[in-house]
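Colleague: Top to bottom, those sequences are chains A and B. For what it's worth, my numbering labels the leading residue of the first sequence as 907, then goes sequentially. For what it's worth, my numbering labels the leading residue of the second sequence as 907, then goes sequentially.
Do not rely on the hints blindly, as some may be mistaken.
Heads up, the list lumps identical chains together, so a pair's fine if it works in one copy or across two of them.
[What the hints assert, rightly or not] Once the Cα atoms are required to be at most 35 Å apart in a straight line, the calculated DSBU-like pairs of lysine-lysine come out as: (1) 1151 <-> 1178; (2) 932 <-> 1196; (3) 1178 <-> 1230; (4) 1159 <-> 1147.
Derived by calculation from the structure, the hints in this document are not laboratory data.
2 protein chains.
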Amino acid sequence: MKIIVDAMGGDNAPQAPVEGALRAKKELGVDIVLVGKESEIRRELGDRAGEVEIVPAEDMITMDEDPVSAVRNKKNSSMVVALRMLSSGEGDAVVSAGSTGALLTGATLIVKRINGIRRAAMAPVLPAGEHGVMLIDCGANAECTPEYLLQFACMGSFYAGKIMGCENPRVGLVSNGTEDSKGDELRHRTFELLKAAGDAGRINFVGNVEGTTVFSGAVDVAVTDGFTGNVLLKTAEGVIKFIMKSLKGVFYKSTVNKLAAAVLKKDLGEMKKSLDVNEVGGTALLGISKPVIKAHGSSDASSIFAAVRQAKVFAESGIIEDIKANIGFFRTGPDEGSKAE
Amino acid sequence: MKIIVDAMGGDNAPQAPVEGALRAKKELGVDIVLVGKESEIRRELGDRAGEVEIVPAEDMITMDEDPVSAVRNKKNSSMVVALRMLSSGEGDAVVSAGSTGALLTGATLIVKRINGIRRAAMAPVLPAGEHGVMLIDCGANAECTPEYLLQFACMGSFYAGKIMGCENPRVGLVSNGTEDSKGDELRHRTFELLKAAGDAGRINFVGNVEGTTVFSGAVDVAVTDGFTGNVLLKTAEGVIKFIMKSLKGVFYKSTVNKLAAAVLKKDLGEMKKSLDVNEVGGTALLGISKPVIKAHGSSDASSIFAAVRQAKVFAESGIIEDIKANIGFFRTGPDEGSKAE
């Protein structure tokens, strides 16, 4: 198992990718390829240079570049080189903490989607319930067709079953109420497709779910378009931040409170960590023909380690083969959204 | 100032509406009309029956009824009678904790929208920032046109300025990123309208905002369609519940933790209360030609009191007149969404 790590991606590159990858090699027994500026990687590695393979790529895609032109023009960027290596079989998965848009574009253009999958989705696992909850899509596709959402549901279901450890994963459609009739036209049409897939035994469709349910642990896969998914994810982040700030206010309110808070500090720190979306690992790009994991831009070494572990599990899981084997059931006709691409 | 209170609406009716209304009469100096089953209201009032006016309405709309047929068929329900009284000038505002759908339908059919307003919106004020943040629409309209969102932005801006106490209220469009180009087609077209309204000095449009920003206090009015708004609101509720449960886990983890938590209990209770969406008061139905306030279904007496206070402030504010005077600027042509009505 060889994981290709974009050593230049993220706010803490190359330190975090290099350290995280080294730890993964040691603890998980995976081979590592670090792709990026050779001198910087070597400086970071110091006397550990012999432990990993380095593939030089002297260019870099920055966060503010237009994804399509960056991927097209920066052929020698660490991200593009990493994806090309994956595409040509020189590794089993890619991990990058670089630009989300560029990684998604690069994965689509270079590694390509699974044949028959209309769009790749960003699918993070949120900290809720026993196994976490997969939110698919969380931002890759602002405009979706019912067929895209059907495909997201089926891919998410495979992932939840094989990687998250959910038995018969419960798939919910995010809507503005739980009644079958809730939602806008996209939801109405998607509901019919998911219900049919459920009736055919392809997924365990539990119906419409509200934003509250996503965090109550009552579903394993929450299906939505990338616009709504992004709003949902960012709202959750915003509320967590807001509450943590309010809590801090309580803890610093008086000397007695400060003392009480000091007692709780360790356990609260662990709780805070458990709420951190980044702690669950990276975000899988589902629908791409090989495993690509997006680590958070602010990843530290342990987040990169978690993302590499996730890439390994993903590559071993066989879910891409499952999706390929079942792709015939995920299609409804010609691509309605193809003009939007 | 006379506030009409639906005495039969909500989980705790008639106790909560009766007690909340009596408190409002005493503390705010408003006249109260209680509408509902006379014998039940009188039983609740006891020897205080002389303090308020009672208008009998022996029927009731329940939470699970279809809103349109309930409003059409239950002419003698407390909610319909209350709205008819408001419409005919027998009071200045209506407060109800009954079915949201029925109240919205009833307000639209009986009290009617402000002439020129395409759709009424549910606009709660969320606990964030100095003055709170108005989320408009949070669920009344799953399908919206750009013009609806323009109207929501302008109505929300008037409300934030006159009722929430925001000077030059900052209006943001909820999107999947802050760049001007973010969003789906509805957002792209709405962005242009809001930008033009901003350039013309009619609103203070600050651009696209993410879910995180809604809770960071960086906007006063967050504009979105009712589908997305509902997901946002319910996600916030779900995350708050999830964190409170996690906190409880920390507090009960050990005897030392229990003791420390006991010290913090009072301040944490206040914090929890400050996070409660219901504590800010009721949700205004903006776009209706007279003030209608939806109190939460689980309202207790103090929530009803807060909703009556909000109704009073709303009725005194003159924002309905402001909207009427400016309606010409909120129109873009024939109603694109009229087929959906």
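Colleague: Next, verify each hint and record whether it holds.
Modeller: Against the structure, the hints:
Taking the closest pair of Cα atoms, residue 1151 and residue 1178 come within 35 Å of each other both inside a single copy (12 Å) and across two copies (13 Å). With identical chains, the CA atoms of residue 932 and residue 1196 are at most 35 Å apart within one copy only, with a shortest distance of 24 Å there and 69 Å across copies. In this assembly of identical chains, the alpha carbons of residue 1178 and residue 1230 never lie at most 35 Å apart, being 38 Å within a copy and 48 Å across copies at closest. In this assembly of identical chains, the alpha carbons of residue 1159 and residue 1147 lie at most 35 Å apart whether taken from the same copy (18 Å) or from different copies (23 Å).
Going down the numbered hints, you'll see the structure goes against just number 3.
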